[in-house]
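Residue numbers for the sequence shown follow my numbering, so the first one is 3 and each next one is one higher.
Don't take each hint at face value.
Label pairs and their in silico Cβ distance ranges [as the list claims (entries may be wrong)]:
| id | residue 1 | residue 2 | range |
| --- | --- | --- | --- |
| 1 | K211 | E99 | 33 to 41 Å |
| 2 | E115 | K67 | 35 to 43 Å |
| 3 | D153 | S44 | 32 to 40 Å |
| 4 | I212 | K64 | 31 to 39 Å |
| 5 | R65 | E38 | 17 to 25 Å |
| 6 | K114 | K211 | 35 to 43 Å |
If you're looking for bench data, these hints aren't it; they were derived computationally from the structure.
Quantities reported herein were computed from a predicted structural model and do not represent experimental measurements.
Here a beta-carbon is modelled for each residue, glycine too, at the ideal position from N, C-alpha and C.
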Amino acid sequence: GKVTSVQHAAVLLGYKTVGEVVAMAISSKLLGESLEGYKMNSGDLWKHSLAVAIASRLIAGKRHKELENDAFSAGLIHDAGKIILNRYVSERSGAFEEYMSDEGKSFLDAEKEILGFDHSEIAAEMCNVWKIPKSLAAAISFHHYPAQSNDNVLAAIVHVADSLSLMSGIGSGVDGMLYRMDHRAQETLGLSEDDLRGVLDETVESVDKITEQMK
3 GKVTSVQHAA VLLGYKTVGE VVAMAISSKL LGESLEGYKM NSGDLWKHSL AVAIASRLIA
63 GKRHKELEND AFSAGLIHDA GKIILNRYVS ERSGAFEEYM SDEGKSFLDA EKEILGFDHS
123 EIAAEMCNVW KIPKSLAAAI SFHHYPAQSN DNVLAAIVHV ADSLSLMSGI GSGVDGMLYR
183 MDHRAQETLG LSEDDLRGVL DETVESVDKI TEQMK
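I would like the entire structure built from these sequences, with the hints used as guidance.
Okay, structure coming up:
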């Protein structure tokens, strides 16, 4: 039937789902622009962020259900730092290309070498400005290096979710090159290869369905 109010939607869907729908709608504008520096077309960053959010929630649901909401939120904004850095990456595109011409060098390595910091550090600083809980900011800051997070479970969740999303090719951009999952995070979360395949399949299906519905 027709939903006639926010209250009606909350009753039908539950407040958690309504919150996720609102977050997705807002983030589609924030993360929907093209990012020339990262070779991402319009909507690529949002689709990738959506995939990481969904995968993070699914992973948390398997092992840490109390973190489902935080996992979704952290996954949705884990790469928001790219919005800030895009201009500076674009201005130094030649330096990035030269640096990455060396075999084995990743885009993340290039950010640290050329800019002095990477997009995850900037995203964490944005979280502090936005008064986002420190647990989420820490997870975002260490989502590429969960082993350095002092056993932050949320960082491990977002890392694995990010890795799976990059494997799927959903809006990965140029910085997805040479990115590898830290399997210690997988072991920390107690995830089997079958678990990962299940999360990946459900994430791809969900992203396709949501993006189609929001056109």
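Going through the hints against the structure:
1. Taking the beta carbon of each, K211 and E99 are about 37 Å apart, inside 33 to 41 Å as hinted.
2. Separated by about 40 Å at the C-beta atoms, E115 and K67 satisfy the suggested range of 35 to 43 Å.
3. In this structure, D153 and S44 meet the distance hint of 32 to 40 Å, their C-beta atoms being roughly 38 Å apart.
4. Checked against the given bound of 31 to 39 Å, the beta carbons of I212 and K64, roughly 21 Å apart, lie outside it.
5. Evaluation of the 17 to 25 Å hint for R65 and E38 yields a failure: the beta carbon distance comes to about 38 Å.
6. A C-beta distance of roughly 36 Å is found between K114 and K211, which places it inside the suggested range of 35 to 43 Å.
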